[in-house]
Every structure is written in C-alpha cells, then in structure tokens.
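Trainee: Here is how the chains run, residue by residue.
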Amino acid sequence: MFYMQLSMVISRGLRNLTKNFKGRVVLGGNTTGEIIVTRQGFNVLASYFGALSTGSTICSDQNNKDLYGKDLKNKIICLPKTIGSTTGGMILQSITEKGIGPSAMLFSEHIDSLAAAGIILCDVWNDRRIIAIDQLGDEFLNCVRNGQKIHIRQDGTIIVE
Amino acid sequence: MEDYNMELTHEEKEILEGKKGEVMRKALKSVVLYGKAFGAKRLLDIDGPVHLVTSFGMVGLDTVFDMMDEIIGAGIRTKEPFTVDPRPIDYENVECNEVQKKVFGVLYSNQERYETQLKKLGIKNDNAFTCTCYMPEVGNRPEKGQIISWAESSAVVFANSVIGARTNRNSGIIELLCGIVGKVPEFGLVTDKGRRAKWVIQVKTSKLPNAQVLGSAIGMKVVEDVPYIIGLDKFLGKGMNNTTMDYLKDMGAASASNGAVGLYHVENITPEAVEEGRELLEKEYNTYVVDDNEIRNIIESYPVLWENMNARPAVCFIGCPHLSIDQIYDWSDKISSALDKKEKSKVELNTVLSAAPDVISKFRSDEKAYKKLTDMGVHLTYICPLMYMSNPECSKQPVITNSNKLRTYSKARFLLDQDVLYAIVNGDIKGAEKFD
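These protein sequence lines are chains A and B, in that order.
Numbering-wise, the first sequence is residues 0 to 160 according to numbering that gives the first Met the number 0.
Numbering-wise, the second sequence is residues 0 to 435 according to numbering that gives the first Met the number 0.
Please keep in mind that the hints were generated in silico from the structure rather than gathered at the bench.
Careful: at least some of the hints might be erroneous.
Lysine to aspartate or glutamate pairs mimicking EDC-like chemistry, simulated, CA-CA at most 16 Å apart [to be verified]:
no. : chain 1 : residue 1 : chain 2 : residue 2
1   : B       : 197       : B       : 223
2   : A       : 97        : B       : 61
3   : B       : 192       : B       : 281
4   : B       : 371       : B       : 339
5   : B       : 361       : B       : 325
6   : B       : 206       : B       : 79
7   : B       : 35        : A       : 122
8   : B       : 25        : A       : 70
9   : B       : 119       : B       : 89
10  : A       : 97        : B       : 46
11  : B       : 343       : B       : 374
12  : B       : 25        : A       : 126
13  : B       : 345       : B       : 427
14  : B       : 361       : B       : 136
15  : B       : 197       : B       : 224
Reference listing, derived: stretches of chain A covered by chain B, where coverage requires no fewer than 3 residues with Cβ under 8 Å from a Cβ of chain B [stated by the list, open to error]:
no. : stretch
16  : 69 to 76
17  : 117 to 124
A partial selection of chain B residues facing chain A, derived with a Cβ cut-off under 10 Å [what the hints assert, rightly or not]:
no. : residue
18  : 26
19  : 32
20  : 33
21  : 35
22  : 52
23  : 58
24  : 60
25  : 63
26  : 187
27  : 197
28  : 302
29  : 303
30  : 410
Predicted model, so just to flag it, every value in this text is computed and none were measured.
Cβ atoms here follow ideal geometry from the backbone N, Cα and C, with glycine treated the same way.
Construct all of the structure, not just a fragment, from the sequences and the given hints.
Mentor: Structural data, given as structure tokens:
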C-alpha cells in the first residue's frame, strides 16, 4: 500500500514537471530527442546551405539569431514555420536523405508549403520520415528551450521534460 | 488504401493503387499528401504548362537528381513542355576570376546532368531558362482563370495577380509532380475564398513609389495574406499596359521575397480587381497606409551586410526578376544619358543586366541598340543573380542592386534606381542621393 501511494506521488510529481501539448499530425510517429528552437521563420536553404556543399550541419543562416552557428544535426526543430526560397522542400529532402536532417519538426503555426513538400518528398520517395506536428500554438513555442528533451507521440501529443 | 480524407476519382484511386506504375503512384501520392496537409478535398486538372523553380544542378542535391532519373526511367514526361528558372553560370557575359570559377565548378557540379534530365522530362527548349517565363518572347503565359502549377515565387505572384491565373506558391519538385500527374490539390490561391483580400493597402505617396520598395513594404506587413491595393491607379492609370506590367512584376517579386505574397489585387488595374472591385475584400480586413515617410522608413530599415560600408562596388546587378525588353531599352537610355552628362563613354562599374534568353535574342536583333548598350561596357546575361551570389567567392565582393529580392537573399546592397545609375556612372556610391 505504501509503495502504491509512493508511486502515485512520484508519478504526479513527474506530471507536474512535464508539460503536454497537442497538435495536428501531418506525418506521425513516436520519437524522443533533443530540441532546438527558433522563434522566427526557419529559412531552410539559408540554414542548410553549408550542409549541401560540405555536410556541415551548423546553421548557416546569418539572419536567424536563434540558430546561427548552432548544430542542427538530427535535432527536433521547434519553429513557427519555414520561410525563404521555394527550393526549401527539396533541400530538406536532400539533407534528410544524407542522414543529417531533422528527426522531427514541430510547428507552432499551420505547416507551410515548403516544409510540407520537404517532409512528404522524403517520406514518399526516400522512405525517410521527418515527423511533423503543426498548430501547436504560441504557448508551445514560448515554453520550449534549446537542449530540452521532448517525447512525440503518434497522436500528436508532445511531452516537454 | 490509405485514407487521404479527399474525394478521389476512380482513375486517381487506381493510380494510388499502383495500376499505372510505381513512379506515378509516388508522384500522385506526394500531390495528394501535399493537398491533405492544407485541407484540400479534391484535385483539380491543370490546364497550363508548369514552370519549375529548380534550374541549377547544385552540389548536395543528388537525391533530387536520382529522383529525376527514376521518373525518366519510367518513361514519364510532363503533360506540356515546361519552362524553368534561370541558369546559374554565364562566363561569357558575367566576369569571374579563376577562384570564382573553381567554386562555381563545385557548387553547380550537377548542372550538365540536370539539364540533360530536364530535356528528357519535357523542357520547352534550350532558351526556356528564366524566372519571367510569362514574357511574350518566352511564351509560357497562362490565361485568366487557368489552373497551373508553378513554384518560382516572383512568377507565381505575377501569374496570380497580373494575369489572373491560379497557382499556389508551391515548393520546388512538387510543382513538377503536379505537372506529371496533371493535377493540383484544391486549396489556397486556386480557390475563390483563398483569393479574397485580408488587407487594404492605401498608397498615399506624393509620387509613384519605387516598385521594389512598395512591394517590400507590403510583403513585410501582410506576410502571406492577400492585399488589395488602393491608390496606384492615380500614378499608373487604369487598366493594364506594358509599363504597368513591368512595375507590378518588380513590386510583386519584392512582396513575395520580403514576405510571402502569392497574390495581390490592385484597384482598377489587375483583372480580378477590375471585375469585382472591393467585393474581393473579406468582411473584416486590416488597413496599412503607405506614404512618403513609410517608404523612407522601409528603405532605412534595410541592413547593409558589407564588411566595409564605404567600399567601392565591384558589381551592379539589374534584373532580378529578369528584365522585360522595354526595361532593357529603358536602362540603356538612362545609362547613356547619364554618361553623356558626365562626358563619359563607358560605365565605371561592372554592370550586368539580366533577362530571359528569348528577350535577349530579341534585343540583340536590334543591332544598333545592342551595340549602344555593349559599347557602354554594360553586360547582358541570362543568369540568376541570386545563383551568382550563392558563390561565397562572389558574395564577399561589394555588390549593389536595385532588386529587393536579391537584397533579401544575399549580401547585395539595395539602392534605388537613381542611386544605382549614379554608381554605374561614377564608380562609387558616395554622393548618391538616397531619396529624391
């Protein structure tokens, strides 16, 4: 009985330490990983320009104060949406096929056409999935911090540790 | 079969079941999933040629070129001959040193492979490389109401706004897959609802504002919404003519790159605004007033990314998006008059005008005009200045431009037309009047 009560207390405590969000599943899956956050639009071409030519996954977008100079390799990217050149989708496809793309993209807003194209091309043509959940809201983007661990569930639930 | 939450025809279902081959299945599945992401309930037939954004055989994009091989291997071509964005390199007309050439060689190492693929996929011809495929000389110009699948942002906004055709701001490759299956998902700018304006832009300037700055102001304010612009007809007149079209081409490209505008309406000028007027406005809309102060503030907000702010410019690019033939004549005349005033015969800067290969051919056929331009030392090329600036050996030079798109995506410094002209003739930007 004592252990049961203790277990419930711990479980409740853990729940209090985590925060859950629910978004729309664009491409679903279960994963856990480290996040990197941009609160401004994520320019795919500018961010991965170096990755195309040298394989470096250090963000090369000088206009993105949140991400410039940070390593993007296989991170879960939390973002409002992607911006920039309409080549963005195929850049995302290419770097993901190389094994250095994001493992998931969590959008606070509705997914945009560039990101949607990228994740779909990867999934259909290269059999590589970038999990994508959108419409998570501003509160989600305000809550998350670089380096935090996040659990993503098939139904679009996001658990932030 | 997977539930796409979409009304699909019998033929579409069969393709998704693989009855027309694996490649067609994947092409249609991509298009359907793309539509599903935006809540499309069905697919619409395309009734005009595709225009592709991907024109460069860039290093690192092998996945994309392998995908092209897979499509070609299945014997698939687009339903109609297509056009594509500009080529990246033209050493004959855009001077490059050996180091720059070496970097270009690596950067665009897949160019030959990709151009061969484009021929097999159904490109219109060798001259079909331009961001202004809608120019009469090029001929990929849809008609009002036609459903098309384009991706180049400046071409998308022109087709939707100036012509009244219907395309979403698609991502590269998706527009090609739509062209292959002959269908686009019904959402956004291909629907009546998606074409309604959420913003009124009131132009209250004392004279016609610079197109590139007005477009930038609008793009930054409305981002991806549709604006309804009031007050431009005071300067441009009612209805459409070539001068107005060129103005709107440049304004639209800036709104698409400084924001993500895919369609705008201009009262008494663009076709849907002429027909429907303010009925195009949503019941509730925002208002943005652009006056002389706002134009000045917008220009002053542009960061200059040069290492040395006082550097003498190395290159001047005019023509992003590509120039129309009237604009080439106009720049030639302006440069000529400015040189005459200074009693000079040649420009002081490496000055590059960029236009579609078919537009250049037409201009070159006017031998006298072509000689006048080239005798002044001005170069005429078909490249995309953005692709030139993708080369770090090129972008480290101080480059000036009158293009707000080029400014946004590179380190090029934006100057108004009159300041660009000053720099071309004097070899420096010191002394150029920022505002007139």
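Trainee: In ascending order, which of the hints set out earlier in this document are inconsistent with the structure?
Mentor: 6, 8, 9, 10, 16, 27 and 29
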